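Engineer: First residue of the sequence shown? That's 84 in this note's numbering, and the numbers climb one at a time after it.
There may be inaccurate statements among the hints.
[What the hints assert, rightly or not] Restraint-style ranges between C-beta atoms, simulated for each label pair:
1. 166 with 532: 24 to 32 angstroms
2. 714 with 222: 47 to 55 angstroms
3. 567 with 202: 28 to 36 angstroms
4. 139 with 514: 43 to 51 angstroms
5. 242 with 202: 42 to 50 angstroms
6. 107 with 246: 21 to 29 angstroms
7. 254 with 544: 33 to 41 angstroms
8. 536 with 678: 38 to 46 angstroms
9. 191 with 93: 28 to 36 angstroms
10. 96 with 189: 40 to 48 angstroms
11. 532 with 164: 29 to 37 angstroms
12. 248 with 191: 30 to 38 angstroms
13. 406 with 238: 48 to 56 angstroms
14. 107 with 730: 37 to 45 angstroms
[Said to hold, decoys possible] Subject to a maximum C-alpha distance of 25 angstroms in a straight line, what follows is the list of computed DMTMM-like cross-link-like pairs (lysine to aspartate or glutamate):
15. 261 with 352
16. 645 with 497
17. 221 with 201
18. 459 with 201
19. 571 with 607
20. 546 with 568
21. 221 with 669
22. 155 with 517
Derived by calculation from the structure, the hints in this document are not laboratory data. Computed from a predicted model, the values in this text were never measured in an experiment. Even for Gly, the Cβ is constructed at its ideal location relative to N, Cα and C.
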Amino acid sequence: MSTFNQQDLAKAIAAQHAAAHDPSSQVRLVAGPGSGKSFAIEERVHWLLSTGTEARSIYAISYTRAAARDLKRRIGAYCESRGITASVQVSTVHSLALKLLRYAGLLSSYPVTPGILDEWEMENIFDAEFAVADGRSKRRCEQIRRDHEAFWDTGDWNPPNYVPPEPAITEQERSEFKAFNSSRTRAYSFVVPGEIVRLCVEQIAAGTLDPVETLNLRQLIVDEYQDLNPIDIDLVDQFAKRGVTVFVAGDDDQSVYSFRHASPAGIQDFIRKYTAAGQHSLQHCFRCTPSVLTAAQSVIKSFPLPGRISKNPISLHATATPPVEGSVQCWKFKSAVAEANGLAESCSNLIAAGTPASEIMVLLSNRRALSPEIVKAFLRKNVPFEAIQSEGFLDSDVGRMALSILRLACKPDDYVAVRVIVGLLPGVGVKTCDQIAMAVIANNLNYKDIFVRPLPPRVFKGKALGAVNQARAILSGPTTWTKDDTIKLRRVDLLAILDGLFGAEEVKSLYAFLDQFPPESTLEEVRDFLWADNDEQQAKLLEAAYTRLNLPAPSRGPLPPKVRLMTMHGSKGLSAQVVFVPGLEDEILPGPHRRPKIGLVLEAARLLYVSITRARAACILSYATSRMVNGKFTNPRPSPFAAHLGTPFIQRPSGLDLAEATSIRSTCVQMEAH
């Protein structure tokens with residue numbers, strides 16, 4: 084077993100506390116992977132509360148809805164463990180904007196407080212119905228929407244990081260989108276994320292909304308600041324201009340969301356914008372072994388973004404007793420099939436050597452190019468693996484229907500949940516949903532009321548009437564449930580609804596899903612689990628449910644006993660003992676759409692940096708010298724990043740053998756003492 088050097092550990096904790104306790108009017112914390120950023124934020128809230136700041140005047144922002152819930156849970160547990168029980172507000176920036184507008188009474192044109200659509204809903208509700216209403220393809224309607232999102236996020240048409248479609252979006256299309264968006268969002272009571280933040284900033288600029296007095300906010304904490312786009316940053320600046328203390332945390336080396344118009348310039352420019360801001364940097368890495376950290380640093384320093392914030396990260400494992408070096412291996416295979424087989428063999432032997440399958444991660448920069456061969460190899464080798472999340476339970480009809488029913492139990496006026504339920508009814512398509520919405524709008528009706536109150540005569544006909552009546556029958560139950568109802572109380576009812584809609588065979592996945600939870604878990608806990616961004620968040624939520632009920636956690640551990648196969652972007656915020664990064668080829672990373680733009684090549688380097696630093700003990704990177712593309716064999720070039728890992732690529736006929744896997748497992752065991 085290995086233990087951290089106590090002097091180095093004390094320095095790391097002191098740096099976290101120095102940032103958390105900084106009384107400056109603005110504070111920037113630059114925190115690399117595994118350096119304790121979350122701890123610093125938790126300590127920040129604890130320090131504010133312990134020095135007399137009211138909980139209701141503290142607001143924290145995280146990047147996604149699930150991440151915000153996780154941060155709120157962590158802050159609460161951290162403060163409670165130190166003798167302070169208080170609930171601070173934590174949400175996404177979109178939810179903050181929505182709350183401001185609601186409290187200021189500026190959402191009166193919506194029947195109820197609107198919700199915020201997720202990506203699945205944007206595609207399957209918004210884009211799909213816009214296509215029906217406008218007579219264009221769904222793909223074109225998505226392009227028109229993204230054109231508006233680019234404007235909402237940045238304030239400019241055709242901004243940087245936006246690739247206009249061919250043909251370009253016309254003014255006529257923009258006009259038609261505006262009309263559809265205005266009526267449909269109000270019928271279903273939802274907002275598009277970028278639009279709601281821009282609307283909030285516009286109201287502030289017009290003097291019709293005071294963001295500070297509206298929420299009585301005095302302390303604003305922003306996690307993952309590098310992921311904010313220009314309009315998000317503008318909203319944060321509006322608070323700072325009005326005297327709110329803003330504490331931002333992030334890392335420009337981990338800015339990988341340019342397709343959402345985020346830029347590392349935001350966190351880089353913070354101290355130029357606020358010259359008196361307190362500046363802090365967390366240099367000690369708790370997560371990565373020295374070998375892993377060195378390889379990641381080699382890549383990011385070889386492809387630096389202009390204005391990059393200088394860093395000197397140090398692995399705490401380097402000075403541990405005994406030191407733990409870890410390992411980075413670089414492999415090349417004769418074919419993509421050989422690479423996939425090597426991954427499968429490696430994972431199989433790692434598991435045989437005692438590494439939990441859940442502590443192995445395979446990260447893909449291009450799912451379409453890499454996933455099929457890897458999945459086939461894993462199946463041949465009987466490697467247990469968790470599919471990429473977009474292929475999982477939530478995006479099945481059963482999963483979405485279950486989530487929507489649970490959402491209604493937790494929030495009875497969730498109009499979007501009602502729309503999802505209607506659209507997932509067997510035999511009901513987008514055209515029927517559009518007909519129902521058009522009838523609601525044309526006849527001055529309320530969308531949810533048509534499913535819970537007596538129907539007006541002669542408004543709905545044919546398939547539309549059948550769909551409304553079928554939905555009314557289903558909704559009669561869940562609309563009487565509450566978020567505090569237990570699975571034990573509602574399991575039979577929930578399964579009966581889904582069985583009746585999809586059949587027992589299709590609903591088997593729901594049985595397995597519900598079996599993970601103690602019977603006394605609440606519907607709200609199950610909903611939040613479904614809404615989680617990744618399996619680590621789900622594991623924490625499940626563990627919290629067991630803890631609340633004073634029950635021992637499942638013996639198999641909180642994470643499913645499966646190798647995690649996921650995208651590079653999807654891995655952000657996660658970690659594993661062993662990480663594989665296959666497909667390190669020019670046509671895959673950076674790939675043809677990034678190569679012509681140096682900024683996107685640099686972002687691809689940051690994406691590789693993020694991927695390598697998910698590994699705690701070992702990282703194995705690989706590429707193939709031949710690959711089947713569109714039915715033809717090609718001979719891809721290595722990625723330009725391959726020469727900057729500090730480790731030469733060696734030809735491998737196969738993956739890790741049992742002895743190599745056992746050696747890596749020994750490293751993991753050494754680290755487990757931390």
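Engineer: Look at each hint and say if it fits the structure.
Structural biologist: Going down the list of hints, with the structure as the test:
1. Checked against the hint of 24 to 32 angstroms, the pair residue 166 and residue 532 fails, with Cβ atoms roughly 48 angstroms apart.
2. For the pair residue 714 and residue 222, the supplied restraint of 47 to 55 angstroms is violated, since their beta-carbon distance comes to about 24 angstroms.
3. At roughly 29 angstroms, the beta carbons of residue 567 and residue 202 sit within the given window of 28 to 36 angstroms.
4. Between residue 139 and residue 514 the beta carbon distance is about 47 angstroms. The supplied range of 43 to 51 angstroms therefore holds.
5. At roughly 21 angstroms, the beta-carbon separation of residue 242 and residue 202 lies outside the given 42 to 50 angstroms, and the hint is violated.
6. For residue 107 and residue 246, the Cβ-Cβ distance of about 39 angstroms falls outside the hinted range of 21 to 29 angstroms, so the restraint is violated.
7. The hint said 33 to 41 angstroms for the Cβ distance between residue 254 and residue 544, and at roughly 36 angstroms that hint holds.
8. Between residue 536 and residue 678, the C-beta spacing of about 57 angstroms breaks the proposed range 38 to 46 angstroms.
9. Against the hinted window of 28 to 36 angstroms, the Cβ-Cβ separation of residue 191 and residue 93 comes to about 55 angstroms, which falls outside the hint.
10. Checked against the hint of 40 to 48 angstroms, the pair residue 96 and residue 189 passes, with Cβ atoms roughly 44 angstroms apart.
11. As the Cβ distance of residue 532 to residue 164 is approximately 46 angstroms, the hint placing it in 29 to 37 angstroms is violated.
12. At about 35 angstroms, the beta-carbon gap between residue 248 and residue 191 stays in the expected band of 30 to 38 angstroms.
13. Checking the proposed 48 to 56 angstroms range against residue 406 and residue 238 shows it holds: the Cβ atoms sit about 51 angstroms from each other.
14. Range check, residue 107 to residue 730: Cβ separation about 41 angstroms, and the 37 to 45 angstroms hint holds.
15. Restraint check: the Cα-Cα separation between residue 261 and residue 352 comes to about 34 angstroms, which exceeds 25 angstroms; the hinted pair is violated.
16. Restraint check for residue 645 and residue 497: not satisfied, since their Cα atoms lie roughly 34 angstroms apart, outside the 25 angstroms limit.
17. Of the supplied pair hints, the one linking residue 221 and residue 201 holds, its CA atoms being roughly 17 angstroms apart against a limit of 25 angstroms.
18. Pair hint residue 459 plus residue 201 does not hold up; C-alpha atoms about 31 angstroms apart against a cutoff of 25 angstroms.
19. Our distance criterion of 25 angstroms between C-alpha atoms is met by residue 571 and residue 607, whose separation comes to about 13 angstroms.
20. Annotation: proposed proximity of residue 546 to residue 568 is violated, straight-line Cα distance about 34 angstroms (limit 25 angstroms).
21. A C-alpha spacing of about 31 angstroms is found between residue 221 and residue 669, which places the hinted pair above 25 angstroms, so the restraint is violated.
22. With a CA separation close to 38 angstroms, the supplied pair residue 155 and residue 517 exceeds the 25 angstroms bound.
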